[in-house]
Amino acid sequence: MFDFLPPQAASLSPEIDFLFFGLLIISALVLGLLFTLLLLYCIKYRRGSGASRTGQEEKSWRIEIGWTAATLIAFVALFFWGADLYARLYEAPPDTLDIFVVGKQWIWKVQHPDGQAEIDALHVPVDRDIRLIMASQDVIHSFYVPAFRLKRDVVPGRYESLWFHPIRTGSFQLECSEFCGTDHARMTGEIVVMSQADYANWLATQAHGDSFAGAGEKLFRSLGCGGCHGPGSTVHAPDLAGLYGKTVALADGGFAHADDDFLRDAILLPQKRAPAGYAPVMPSFAGQLDESQILALIVYIKSLDEKPRKTP
Amino acid sequence: MTSARRAPCKNYLTENFTLRSWFFTTDHKRIALLYFASITMFFFIGGGAAAAMRYILLHPDGAPVSAEIYNRLFTTHGIVMVWFFLVPAIPTTFGNFLLPMMIGARDVAFPKLNLLSWYLFILGGSFVLYALFVGGLDTGWTFYAPYSTMYSSGHLIAAVTGIFIAGFSSILTGLNFIITLHRLRAPGMGWYSLPIFCWSLYSTSVILIVATPVLAMTLLLLATEHLIHVGIFDPALGGDPLLFQHLFWFYSHPAVYIMILPGMGVVSEIIPCFSRKELFGYKFLCWASVSIAVIGFLVWGHHMFVAGISMYAGLMFSFLSFAVAVPSAIKVFNWTATLHKGSISFEAPMLYALGFIGLFTIGGLTGLFLATLPVDVHVTQTYFIVAHFHYIMVGGMVTAFFGALHFWWPKITGRMYPEIWARFAAVLMFCGFNLTFFPQFILGYEGMPRRYHVYAEQYQVLNVFSSGGAGVLAVAYLLPLFYLGWSLIWSRRASANPWQATGIEWQAPSPPPKDNFTHPPKVPAKPYAYVTPGADHD
Amino acid sequence: MTRAEPRRPLYFAWAALMSLLALTIFGGYLKLGGANLFISVAIATAKAAIIIAIFMKPARELRLGWVFSLGGIFFLLIMLGLTGADYLTRAQDLVP
Amino acid sequence: MTERHIVEKELAEPYADLRHQKQTANLGVWAFLSTEVLFFSGLLTAYSVYRFLYPQGFAEAGRHTEVLLGSINTGVLLTSSLFMALAVHAIRSGARRLMMLFLLITALLGLAFLGIKILEYYKEIGEGLLPGVFFTYAGPYAHTVEIFFFIYFMATGIHALHLSIGIGALFFLIWRTRCGSFTAEYHAGVEGVGLYWHFVDAVWVFIYPLIYLLGRNT
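Protein chains in written order, with the numbering used here: chain A, 691 to 1002; chain B, 11 to 548; chain C, 1231 to 1326; chain D, 104 to 321.
Bound conformation, chain A alone (with noise of 0.2 Å):
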């Protein structure tokens, strides 16, 4: 539409786009009325003219009232559309291929779901829902992409999602758009959006060894966590299988939603939400995994859940 804009390349972008040249033209006529009046106002009563000054307004209210109500009754209009598009850009839709993104100072480390990593760059297919885990390493960077209209704030001691929906194959910028150290500014990578065939194959000759789920094994028992968590260990700890998505009853009366925040904190602070029923022996691993291993755990603990649906 407009040369100057990036390109639209997210299913929502050009709804994103809609609104901001609704924004841009009620505002261009608020402006454009605004200085109308002021100029033909500067003009006609400008002093020594000959436009007559009788009939000065004196009673304001109901002229104060009206504009008011205008405003108001624009302004809530304005609200809604923003929030029904809001509330869609924010949900993620079911069955999205999740993609894992660690941002630490100054690059962008990412995750493909079958082990394939890449730095400073994001290969996805086109017309899929994506949906981006992300976790920080450090210091709070934000994740955007111009040409998605997407950005969100990466903090550090929690996951944030961002999904999109890719309609058009090409390369896009990736910026940090939070300031996050020295080299904020070359915190940038590049969105590649494939033709469905093209990213499978891209996924096929990228080396990779095992899946992320099999590293996350790896690691699981490495870290002896099958010890306890292991289906012959002795000791009562909670079992892992068919976990995630469950909702799981705490120690101290409340309940939580075992997501991935929820196994993040299991893992780091495991005293935060403890779950009913234990004795608070896990030990925290903060300070001995990276953010990648970590997610590495939580999608091999993800995985768990499948395998007794298989076989009824």
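Keep in mind that the hints were calculated from the coordinates and are not lab data.
Quantities reported herein were computed from a predicted structural model and do not represent experimental measurements.
For every residue, glycine included, the Cβ atom is placed at its ideal position computed from N, Cα and C.
Treat the hints with care, since some could be wrong.
Stated by the list, open to error - Partial selection, computed: residues in chain A whose CB lies under 8 Å from chain B:
hint, residue
1, Leu724
2, Leu775
3, Phe945
Claimed, not checked - Residues of chain A clear of chain B, computed beta-carbon distances all greater than 12 Å:
hint, residue
4, Ile820
5, Leu909
6, Gly920
7, Gly932
As the list claims (entries may be wrong) - Label pairs and their computed distance ranges (CB to CB):
hint, chain 1, residue 1, chain 2, residue 2, range
8, A, Phe711, C, Val1297, 54 to 60 Å
9, C, Ile1303, A, Ile809, 48 to 54 Å
10, B, Val541, C, Val1297, 36 to 42 Å
11, A, Thr726, B, Val471, 28 to 34 Å
12, A, Ser701, D, Leu264, 53 to 59 Å
13, D, Tyr225, A, Ser974, 27 to 33 Å
14, D, Arg200, B, Tyr129, 33 to 39 Å
15, A, Ala966, B, Ile79, 53 to 59 Å
16, B, Ile79, A, Gly977, 31 to 37 Å
17, C, Val1297, B, Phe492, 43 to 49 Å
18, A, Ser912, B, Val471, 36 to 42 Å
19, B, Val471, A, Gly977, 45 to 51 Å
20, A, Gly738, B, Asp546, 43 to 49 Å
21, D, Leu264, C, Ile1303, 20 to 26 Å
We have chain A; now place chains B, C and D onto it with these hints.
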């Protein structure tokens, strides 16, 4: 012109010439001048940093400096401009000088606290200048944790201490104004006889005393975490970085209104005076100021839409942010309506006021873009934000500051400024400003993040425009320094009321004597009782 | 000059404060789950109200004193309320 | 002293009569106290957020505070407030010597509070509960306990600082009274310090249950 011929009698400037009489003065007018000198210095320090940044941004590869230097420059620019120019600018200078005079008082309620407030400001400023001269810091003015507390290596403690101390200076000023307005109004001066400038300062002061202590506590927590590594904000130790942002923006969003409300007050004085017409919708303007101050405390979360607050919190803050724009819109409409059937002349203060309306409206309208959630997700943390708040802060507040400076220059110094030069500077400022910051809206929508000194090639053209505009703007800001300085000695003397304005500060001689009024001022029943030539007044 | 002001309310206020202190200590050891917080904050509010109303007398000089004494609390509630609105609705923490 | 003497002695710029000056000073103190409320509210918000995020860890940490000393201190402070109110009452009827006595008792109770507070700090630091500097607690909720004690030391430390300033102000008042200030007609200074003292007391009234009584019910 009797006063022009009369030999200068004793006024607050000629009362006494010793250094002691300046540095230990409790006269609100002298304190205003002490502040004026201090913030002028800070304005040019902050402006220098901005100029250096615009120079660096001419090239996409960030030459000729390293990232460290650029990061320190924008931090310097932010800290100095926000806390040592924009927040104190109008209240401590024109507020201090004019507030007691506008209500017919001899001084503010607590003159000694007023002086103490200036010393605190200078002490805080010294800490910040020390931090900058020994190497600066690179956190940005927002000090986001955990970067500021755990990772940055700059002189965080000195800078934060400086801001902490300067905060108490703000609190004392706010407290003084509130009590002064409640208690020292001249007999017969009701709330609805006050000029809008006083209402604006009252609203500003409420924000100053309510929000600033929260900043003080936040900075205290920040500094302690930095010093002894406790995890109050750092997630690695169990803290929550978003808590810092909540506390910080609880101050820093209302702080935006600290900066703009006094500007709105100034414009509300200038426009009726040069239109020779009563201010339209006076009571609506009064209460619009107060509602901005109160609703302004409900919207801070719009700085955090992409930072990880919940979707519901996002929607709530978005709605409230639209709500706070309503009173601002009311103000713009009322100023415009005041011009209708007036008798408008275009002296420099009026040019600044008209420029303010235009630039503030653009700033305000782009604020709506940012309150609209999906658009904010795209443009926040880009140059769109930078352009938006500079339209409010510089286009609005700084323009109003210069408007006030010219409008009350005769009252403060007793001299007229040179009109031609002043008009030229006003127009130059308006053009330079738009050239600098309008391209940044486009840059932002194209996706150039802020705080980047190395950027993609496609952004260069607009950046060059912006830097060019900054050059023009720099000249426009330096000009008044020369012609106003010149006017102090060589310009003609001003009469008591050169603009034929109705505010009672104009009933005092120019410059006023130490006790402000030579005889008790006549308080008009209603403010802005201008008579338009040719109108059929009852 | 108000010589006639009685001294007795001050002693009553002090007695009430001490009783509330005893009550809040006692309440702190009851096993009431979440209600403990509610009770202790309610008692603290009552104590503060006594201190303000009887010891401090906001309207001693000007009725405006009441506005000033409650103004700070009003903004404090805004701060707690809106910050809470975010924390209580963060999806990852609690299921309803 | 005659009316005219008092006016000559106490009246300051920019006031024309003492009543006006006194009311204004009183209002100024109230405005200052509303600022103080917001100063403490930053900490209160931090406390609320972390208590909400880590209920168990906070309960655990609360059990490590000195509830006995804290309760005694609450009583001491509430009593000091009574004497402060009595002091204001005394000067309002012109009893200057009685007021000095009450002020002295108030100040001594304040010092007693500080003494107990120091004892408490001494014990807690001995247990290794000083965050960042000397923190040796290694139970299951170590991080949370550290955050709790950070907020604890901040809140009580800033409170103690306020109290120390109050004590200093009380001795200043006593000294000024000996020099001849304060009469039944004009005693804005005493009332101002009184308001401040009661405010510091009211802050403690909230600190006490939130810190010392936390986690006592399990």
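Verification of the supplied hints:
no., hint, in the structure
1, Leu724, "holds (6 Å)"
2, Leu775, "holds (4 Å)"
3, Phe945, "violated (17 Å)"
4, Ile820, "holds (17 Å)"
5, Leu909, "holds (20 Å)"
6, Gly920, "holds (29 Å)"
7, Gly932, "holds (28 Å)"
8, A:Phe711 - C:Val1297: 54 to 60 Å, "violated (47 Å)"
9, C:Ile1303 - A:Ile809: 48 to 54 Å, "holds (52 Å)"
10, B:Val541 - C:Val1297: 36 to 42 Å, "holds (38 Å)"
11, A:Thr726 - B:Val471: 28 to 34 Å, "holds (31 Å)"
12, A:Ser701 - D:Leu264: 53 to 59 Å, "holds (57 Å)"
13, D:Tyr225 - A:Ser974: 27 to 33 Å, "holds (30 Å)"
14, D:Arg200 - B:Tyr129: 33 to 39 Å, "holds (37 Å)"
15, A:Ala966 - B:Ile79: 53 to 59 Å, "holds (55 Å)"
16, B:Ile79 - A:Gly977: 31 to 37 Å, "holds (34 Å)"
17, C:Val1297 - B:Phe492: 43 to 49 Å, "holds (48 Å)"
18, A:Ser912 - B:Val471: 36 to 42 Å, "violated (54 Å)"
19, B:Val471 - A:Gly977: 45 to 51 Å, "holds (48 Å)"
20, A:Gly738 - B:Asp546: 43 to 49 Å, "violated (19 Å)"
21, D:Leu264 - C:Ile1303: 20 to 26 Å, "holds (22 Å)"
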